[in-house]
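Engineer: Each chain, letter by letter, is given below.
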Amino acid sequence: MTSWARNTTENDFAANATADQGRILVSLSGTADVTIRNHLDHFLREVHQEAQRCRAEEVTVDVRQLEFMNSSCLKCLVWWVSTVQEQPAEGKYKIVFVSSPSLYWQRRSLDALACLADDIISVQT
Amino acid sequence: MPEQAILNFGLQLQPQPRMVSVVRRFVEESFEKMVGDPDAVHRVSLAVHELLENAAKYAVGDKTGLTVHFDAQGSTASIKLTNRTTPEHIARLRACIDAIQAAAEPFVHYRNLMRSNFGTAAESGLGLARIRAEGELNLSLEIRGDTVTIVASS
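Read top to bottom, the protein sequences are chains A and L.
The first sequence runs 683 to 807 under my numbering.
The second sequence runs 48 to 201 under my numbering.
Derived by calculation from the structure, the hints in this document are not laboratory data.
Please note: incorrect hints may appear among the correct ones.
[Said to hold, decoys possible] A few chain A residues facing chain L, derived, Cβ under 7 Å:
(1) Asp-715
(2) Val-716
(3) Thr-717
(4) His-721
(5) Ser-753
(6) Val-760
(7) Tyr-775
(8) Trp-787
(9) Arg-790
(10) Cys-797
Every residue, glycine too, gets a C-beta built ideally from N, C-alpha and C.
Isolated chain L, as found in the complex (with noise of 0.2 Å):
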């Protein structure tokens, strides 16, 4: 395999809650085999399920699309999210991200909402902080109307 390549993928799908694991899996044994860190490939595997959740539960409409990029090192990659969703919804997202990147420490911020949010089912954005923290990827949103890309980036 050359040292450069990029692989890469993308799906479109029905948001749905069984549907994440499944995804989840797939990249994990699909990169696995071409990239060279596994570390890495489950960092951005772990981005998929919980980007993938947040979409089952708050997209409107019935189509997801979902595109992982990868150097075949594993050194780079990018996972982009796009769906539907509602007002209320873009800003909550918004105020999420906007508290992840305004974070010195990711990990403190993702400890801190773990601490102000325990047993609670309601909405907290710790999936999203845990992509931060854990996954060690860059947050950004892209908003088009009622459609909100959202990226994690290495």
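Here chain A stands alone, though its shape is the one from the complex (with noise of 0.2 Å):
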């Protein structure tokens, strides 16, 4: 049984996050484009503060089912991204992007955003 869960689901875009144990399960489905933005900074903020409450060390994000990302919602990413790189050492988390290769959008975008922060991010196929 899951300890904590989120779900946000808007068009055809879905957002869903389980914690269990300190592990977090993220996956985003769908077409993430301006008119879902707000909708997953909220997601995006909530499973942050799970990660900090339950001290994750890692959060997988699975967008193999993530058909378009567009540049805003990539903002939110790297929002994200960028307010695990400012925790102390003991609030840093790592991120695990899980990408499909037949999504061509994704190595691009997935690879900027790891030249932010390689430290955090790795990004698998």
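Hints are included, so try docking the two chains, each in its own frame, into the full complex.
Structural biologist: This is the structure:
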């Protein structure tokens, strides 16, 4: 049984997060465009709060079903990784993106994100 | 298909946020079948998405014109988006595109914009910088009165 869970859906976008014993799994799917920016922003803030509360060492973000993400939603991810970077050592955690090679935008966008914080972000294909 | 075949289409649409993803999917699904380089198709569809969102936010009036040209190999492509807008937005666009054109390293410029604008919903020009860095497309701006055309081309 999971100890914490959040989800949000809007249009064809869905975001789900579960936490259990300090392990947080996030999945994003559909299209993250300007119409869902505020939903994603709120969702990521909740994930970060939970990661801090349970002292997570790692958050896994599965984006294999995320068809597209626009630049304003990408900024929400930049906020998230920048916020983690600013934490003292005990509050930091890794963010692991699990990506799809058939969604071409993911390689470029996630690589750009990883360049901002290569000590925090890793990308798996 | 002849080796030098040019594929193109034009659309006139109302600039609405809900239309943006519909058009991006249309571009991907149409050109994926005809262009030899799927990565090129996706770089163009990324540009279409970011440009149309820009129009949905800042266009004046109910008409936005979009044209997309491709050669069959995907080695050259151009996207043009035309709409009317405000003088303030024209000035912002000009500044954003000037900065992108002046950047020796598009990816570094893009990364710097990411760093300086995180957590804000304000217009940052990140979408245009993304077209240049991730889409690997050059950007230029044509202005006639209150009508602007953004050209993204390889």
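Engineer: Taking the least C-beta to C-beta distance, is Ser-753(A) closer than 7 Å to chain L?
Structural biologist: holds (4 Å)
Engineer: For the restraint on Thr-717(A), tell me whether the closest CB of chain L is nearer than 7 Å.
Structural biologist: The hint holds - Thr-717(A) has a Cβ within 7 Å of chain L, the shortest such distance being about 5 Å.
Engineer: When the nearest CB of chain L is found for Val-716(A), is that gap smaller than 7 Å?
Structural biologist: Because about 5 Å separates Val-716(A) from the closest Cβ in chain L, which is inside the 7 Å limit, the hint holds.
Engineer: Holds or violated: the hint that Arg-790(A) contacts chain L, with Cβ atoms closer than 7 Å.
Structural biologist: Cβ of Arg-790(A) sits 4 Å from chain L, so the hint holds.
Engineer: Does Val-760(A) pass the interface hint, meaning its C-beta sits closer than 7 Å to a C-beta of chain L?
Structural biologist: The hint holds - Val-760(A) has a Cβ within 7 Å of chain L, the shortest such distance being about 4 Å.
Engineer: Measuring from the C-beta of Trp-787(A) to each C-beta in chain L, is the shortest one below 7 Å?
Structural biologist: Holds: closest Cβ of chain L sits about 6 Å from Trp-787(A), inside 7 Å.
Engineer: Going by Cβ atoms only, is Cys-797(A) closer than 7 Å to chain L?
Structural biologist: holds (6 Å)
Engineer: Per the CB criterion, is His-721(A) less than 7 Å away from chain L?
Structural biologist: Hint on His-721(A): violated, closest Cβ of chain L at ~13 Å, above 7 Å.
Engineer: Taking the least C-beta to C-beta distance, is Asp-715(A) closer than 7 Å to chain L?
Structural biologist: holds (6 Å)
Engineer: How about Tyr-775(A): closest beta carbon in chain L under 7 Å, or not?
Structural biologist: violated (18 Å)
Hint check: violations occur at hints 4 and 7; the rest are consistent with the structure.
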